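Listed below are the residues making up each chain.
2 protein chains.
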Amino acid sequence: MSDTDFPYGNPADSDAGLLIRREKLLGKNAPLFYEQPLHLVRGEGVHLYDADGQQYLDVYNNVANVGHCHPRVVQALSTQAATLNIHTRYLHETILEYGENLTKTFADPLSMVMFTCTGSEANDLAMRMARHTTGAKGIICTNETYHGNTAAVDALATLFGGGQPRGENVKSVPFPDGYRPQDNLHGRALCDAYLRAIDQAIAEFEEEGVGFAGVLMCPIFANEAVPSVPAGYLSGVADRVRANNGLLIFDEVQSGFGRTGSMWGYEFVGVQPDIVTLGKPMGNGHPIAGVVASPELVNSFRADVMYFNTFAGNPVSCAVAKAVLEVVHEEKLVQNAEDVGHYLRAGLCDLQQHYDAIGDVRGPGLFIGVELVRDRISKAPAPELAARVINKMKAKHVLISKIGPFDNVLKIRPPIVFSKENADQLLETLDLVLKELALEDGVL
Amino acid sequence: MSDTDFPYGNPADSDAGLLIRREKLLGKNAPLFYEQPLHLVRGEGVHLYDADGQQYLDVYNNVANVGHCHPRVVQALSTQAATLNIHTRYLHETILEYGENLTKTFADPLSMVMFTCTGSEANDLAMRMARHTTGAKGIICTNETYHGNTAAVDALATLFGGGQPRGENVKSVPFPDGYRPQDNLHGRALCDAYLRAIDQAIAEFEEEGVGFAGVLMCPIFANEAVPSVPAGYLSGVADRVRANNGLLIFDEVQSGFGRTGSMWGYEFVGVQPDIVTLGKPMGNGHPIAGVVASPELVNSFRADVMYFNTFAGNPVSCAVAKAVLEVVHEEKLVQNAEDVGHYLRAGLCDLQQHYDAIGDVRGPGLFIGVELVRDRISKAPAPELAARVINKMKAKHVLISKIGPFDNVLKIRPPIVFSKENADQLLETLDLVLKELALEDGVL
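Residue numbers (this note's numbering), protein chains in the order written: chain H, 667 to 1110; chain E, 667 to 1110.
Hint data in this document are derived by calculation from the structure and do not stem from the laboratory.
These numbers come from a predicted model, not from an experiment.
It is possible that part of the hints are untrue.
No distinction is drawn between identical chains; accordingly, a pair holds when it is met within one copy or between any pair of copies.
[Unchecked claim] Simulated pairs of lysine-lysine, DSS-like, Cα-Cα distance not exceeding 30 Å: (1) 1086 / 1101; (2) 803 / 1045; (3) 998 / 690.
Put together the whole structure using the sequences plus the hints.
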């Protein structure tokens, strides 16, 4: 490959070497962030450090929820890894201690857990449970979503399918969107319109003989760019699911563990699901995930299906996850997500007063979407601007990303140890970047 | 639950408490080993220790391949976890160093890797790749197998399906069995009979319009109880796969990383596949797994499919797996598996001279099956005897398990740091147990 073929901007010499090796080893389209990718070597709290020793404020990574390399989590990992790591067909205390601590944070009857290693495995298992329990196959998801990478879960990846499911026995419905509402409806009428799509999908599943197994959604619609959801939508979904003998699965891989300012996204939205799936922040980066459900559901599934997962729920994973949960409680991080999230949204709304390009500021707790538009009347999306913003933010050592059906929503989703001082740095940098772009373009 | 309901023998008081908590938290049928389950607290090398401080020789666990809590692996884990853990959309050195070290151990063109967290995810991804590449759906597996727990991979779990696939677009063929040969055939005729089943399955897939995507098999047929495979079978399978434009996927989750006395099972059997899946021992218990394939396959898949796995290939997982691979090489564990496996099989064949119940001793390297039968003429399986043997072995502090279509094959599959002295302990204990059972029953 000649230098002129180089597809990633103008990387530093050493990074160019890494990119060539990476493409040779991992393939041409192994995903990477930023025009000029970031070569990281160290993390601590809300900060990441590159190979040149430069510090970055991490306003993106929701996996390292309690902060990068939290000493207590690292200690729990190291100690247990030096003591015993084994699968769950022997007895071990830590899986019970952690599982009990975890399930105590859920409302009845969500008292059982099936451990997996990844959120994808958790959603795959939840879909198996829903289909097994109902004897039906049809799963409803939204039209701009992604829930993981197994073949079964990939069927729901409408984000990569132009709004359409990528596999069988799945139907997508328009995600609830208060900013670009369907047919320009509002309030109850808008909610009813979105709910009619659920009714219709259920009816079609029944007509086609597929049957209705359930709805799988993220309660905060994280991959749909945390839209403002019409009041009554999720309770309406829950009513329809129950009336049609399906199961409501909430994918809390992103919304769980305090992100929203509530411990669980389902508490934040006030609608209780039948099955909750967990992942990303559960082990602060260590691969542990799981499915939480009622004894009735788990026992009926396990009575018929031998489910075993070699690595899942092992003593090391559970020791790590137990430490993470303890840190979330003891450092009052759920409250911090609520407080700093509120502060940050307020600051972003202030910025919105100065920049017409900011069409909308929204999202729960420390998951905030800032929608960039060409103008606020037409709401025409500004994806190029969003790309320029995140690359300029990175150049100024603040890491964010973008998301949304039009790829124009700034994705602000830091570790939930994020402080108001960190929020100030983000706000000041974003202000500076938007100013620079205004000067460059003579617009904004 | 009253004491009399207690489904697990007569556990120690403290263990009874754990079992009650476990059933309440994980469900009624969360799988457990042994009539009286083992409560483990520590592991070191080939030894595990229970809550009473009792030492057990581990002759079962293939995940802790380089020995429980290997100090070098623990050190690599602890150091990297304290430094940085992040996903693969940033650049990091360790994923490249490990991936390059790993793929160097494969023959051309198997030079690219896609990391996952579990063997199930690896097999799920391999099936997606085969179906994507061929545009066909049909996958062939054996009739007594298991390759993992995702919905797609569960379709292949014929072990739990009475020999039949549990999902669509899968056909099972009889596994090649030199001990209980189909129609009492031998040699070339037996091989041809098994290969005709492959021909037939491919033809049926084509007739049904499903098309033929490939064959997914473990090269040593680990879950089929490591049968003696008729010469020419796997090369015949490979020929048929290629002649019909399918892909040959070898699940090396169990056969890889030195288990067979070769680095890879495909080297041991002398047949090169198109895709290799890796798992269990890759991180010595840390959740890392992957798919190894040619640049042609990986690039063509990645060109069309956005595959990303949050935890997979992270710096911590790769640091761990890199240390594991280094230990395998530096401690010459592949050769050890060959040498000690040979020694152990010889010792088991000696025992066979004294006990008619041992119908067959077989298996590659340190994966050995000892088939127990009522008598050697009828070869009638003796599953109750196998259960008694493994529980008695456990009482004498040696951990083995059982496997096979009739659940009558002792499964001997220790960490590959297993020494000849360890083998002697196993052989002496098995001798003692078989003697005791002979006295108890007046048979054997």
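Here's how the hints hold up against the structure:
For the homomeric pair residue 1086 and residue 1101, the shortest alpha-carbon distance inside one copy (22 Å) is at most 30 Å, but the shortest distance between copies (72 Å) is not. In this assembly of identical chains, the alpha carbons of residue 803 and residue 1045 never lie at most 30 Å apart, being 38 Å within a copy and 43 Å across copies at closest. Taking the closest pair of Cα atoms, residue 998 and residue 690 come within 30 Å of each other only across two copies (29 Å); inside a single copy the shortest separation is 45 Å, beyond that limit.
Going down the numbered hints, you'll see the structure goes against just number 2.
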